[in-house]
Amino acid sequence: MTTTPSRPAVEIRDLHKSFGPLKVLKGIDFEVGQGEVVCVIGPSGSGKSTLLRCVDLLEEPTAGKIWVNGVEMTDPDVEIDAVRRGIGMVFQSFNLFPHLSVLNNLTIAQRRVLRRGRAEAERIARANLERVGLTDKADAFPAQLSGGQQQRAAIARSLSMEPKLMLFDEPTSALDPELVGDVLTVMRKLAEDGMTMMVVTHEMAFARDVADRVVFMDGGVVVEQGPPQEVLGAPKHERTRAFLSRVLDPTHVAHLGQPDQSPAPPQIPSRPADDRHHP
Amino acid sequence: MKLRRRQRERLSLGLQYLVFIAIIATVLVAADWDRLADAFFRVDIIKSMFPTIITVALRNTVLYTLGAFAFGLVFGTILALMRLSRVAPYRWVATAYIELFRGLPALLVLFLVGYGIPIAFPEREIPGGVFGSIAIGLGLTAAAYMAETIRAGIQAVPKGQMEAARTLGMSHFTAMRTIVIPQAFRIVIPPLTNELILLTKDSSLAYVLGVTAQTIEITKFGRDMLNDRVNATPLLVAGLAYLVITLPLSQVVRRLELRYAKAR
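These protein sequence lines map, in sequence, to chains A and B.
For what it's worth, the working numbering labels the leading residue of the first sequence as 1, then goes sequentially.
For what it's worth, the working numbering labels the leading residue of the second sequence as 280, then goes sequentially.
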């Protein structure tokens, strides 16, 4: 396996994906550059999660090609386990291993996949727990953690494999509102540390503040993409405008009240960068 | 006279207690306690059964049960994985085996292993003698039941667990072994314990293999004593000996379930 640093982290060419008769992705062309943070937004059913899952080959594309760090994922002979070592995936439902302590959640793949010794694996695990603010939870079991803590542990688990690319599939959608900030703070720090990230999210404030580029998907195609201030602040397409008005508080739309035009996107309510709870 | 609702309820409850007490009293008065004690509770016979019933009979019952359970667990897990395999012939073979062996009496399978195989292959011997024969004979049937239980347990582990393990770079096999199967076993502990209790009782079938004084188990020991003393007391003691195994087993499982509930 050779990785060419000059190539983008993710390259997608004419990607199609169908589930039976249902066409979910209808020709996606898409790139994520090295070190870039890309947020994918769009209505539910637009195919954004399917797109993300295709990148890690959790879904088999129907047609098209995908490269990750220069390795073609869609090659039938791809060493999928080897390529996935370089890709971290964070799920909406966390998917921590409930029968293992938090520490063992972080060490099991290091030991079984990377063949690291126990001491080294634990050292790396604890360093990553510190990164996500869960130093004191190493010996807890996932069921003893809040949703936000579970998701941060899941992020630390992925980071322990030292991936070059992190995929986030609606990482805060299953969380109580007051726990969302903790997870977003961890993700923001990760972005600031230079991690390449592809994030499917409904958190518009995160997309605006952290993303280098925002991609709006609808109906299985990329409708528009660009810097967050353009896509979120001055969307070119009617579909993007309609989506943003629906997502952001509808009462704000009424305040903007410009009857004869389609409403301009409302201001995104800003979220404090660091609203984690200090015990 | 019209009764209020609470009065009617109290009256109904009182009647039910009355019927219960009447039945118990009738039994206590009508029973011939001397004859019952003489038939089922002869202290001298109870004494003569010890310590052999513990040191030999109970020990062998536990050994046969554990042997059959271990064989069934390993073979049942293999069958469960075959049932879930992508290789179609594996699925066919496992399904056929499970359907076949769930439909056969355990006694017939035990005969087959204990007598059929030695006749068919006289130059070979089943390792472990009676122990080996009963472990395999009962284990073959138990495996069929356990395979279905374990398959259900594997399928009950959320799909996201396998996905998370695979995205960390684990192979399908490693993910199955370290993530899915350990969780599946936590799910199937209660039904597997039922199987263990059933096997404890089925181990009484060992007598058909012609056990000796060293390989005797609880039921055969009780029956031999029954013939010897022409008294039913040994059967009562044998029954209690089974409860000594099965009742603590239920307790242990309840503890395990509580402990795993924390880790789920």
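One should not assume that every hint holds.
[What the hints assert, rightly or not] Calculated cross-link-like contacts (lysine-lysine; reagent style DSBU-like; alpha-carbon spacing at most 30 Å):
#1 A:K65 / A:K164
#2 B:K438 / A:K65
#3 A:K236 / A:K65
#4 A:K236 / A:K23
#5 A:K26 / A:K189
#6 B:K326 / A:K23
#7 A:K23 / A:K65
#8 A:K26 / A:K164
#9 B:K438 / A:K164
#10 A:K26 / B:K480
#11 B:K438 / B:K326
#12 A:K65 / A:K26
[Unchecked claim] Restraint-style ranges between C-beta atoms, simulated for each label pair:
#13 B:R370 / A:D136: 21 to 31 Å
#14 B:L363 / A:D136: 33 to 43 Å
#15 B:Q434 / A:G20: 15 to 25 Å
Since the hints were derived computationally from the structure, they do not count as laboratory data.
Cβ atoms here follow ideal geometry from the backbone N, Cα and C, with glycine treated the same way.
To see whether the hints hold, each was checked on the structure:
{"no.": "1", "hint": "A:K65 / A:K164", "verdict": "holds, 20 Å"}
{"no.": "2", "hint": "B:K438 / A:K65", "verdict": "holds, 26 Å"}
{"no.": "3", "hint": "A:K236 / A:K65", "verdict": "holds, 28 Å"}
{"no.": "4", "hint": "A:K236 / A:K23", "verdict": "holds, 25 Å"}
{"no.": "5", "hint": "A:K26 / A:K189", "verdict": "violated, 34 Å"}
{"no.": "6", "hint": "B:K326 / A:K23", "verdict": "violated, 79 Å"}
{"no.": "7", "hint": "A:K23 / A:K65", "verdict": "holds, 17 Å"}
{"no.": "8", "hint": "A:K26 / A:K164", "verdict": "holds, 28 Å"}
{"no.": "9", "hint": "B:K438 / A:K164", "verdict": "holds, 25 Å"}
{"no.": "10", "hint": "A:K26 / B:K480", "verdict": "violated, 61 Å"}
{"no.": "11", "hint": "B:K438 / B:K326", "verdict": "violated, 57 Å"}
{"no.": "12", "hint": "A:K65 / A:K26", "verdict": "holds, 13 Å"}
{"no.": "13", "hint": "B:R370 / A:D136: 21 to 31 Å", "verdict": "violated, 47 Å"}
{"no.": "14", "hint": "B:L363 / A:D136: 33 to 43 Å", "verdict": "holds, 39 Å"}
{"no.": "15", "hint": "B:Q434 / A:G20: 15 to 25 Å", "verdict": "holds, 22 Å"}
Checked against the numbered hints above, the structure breaks hints 5, 6, 10, 11, 13 and satisfies the rest.
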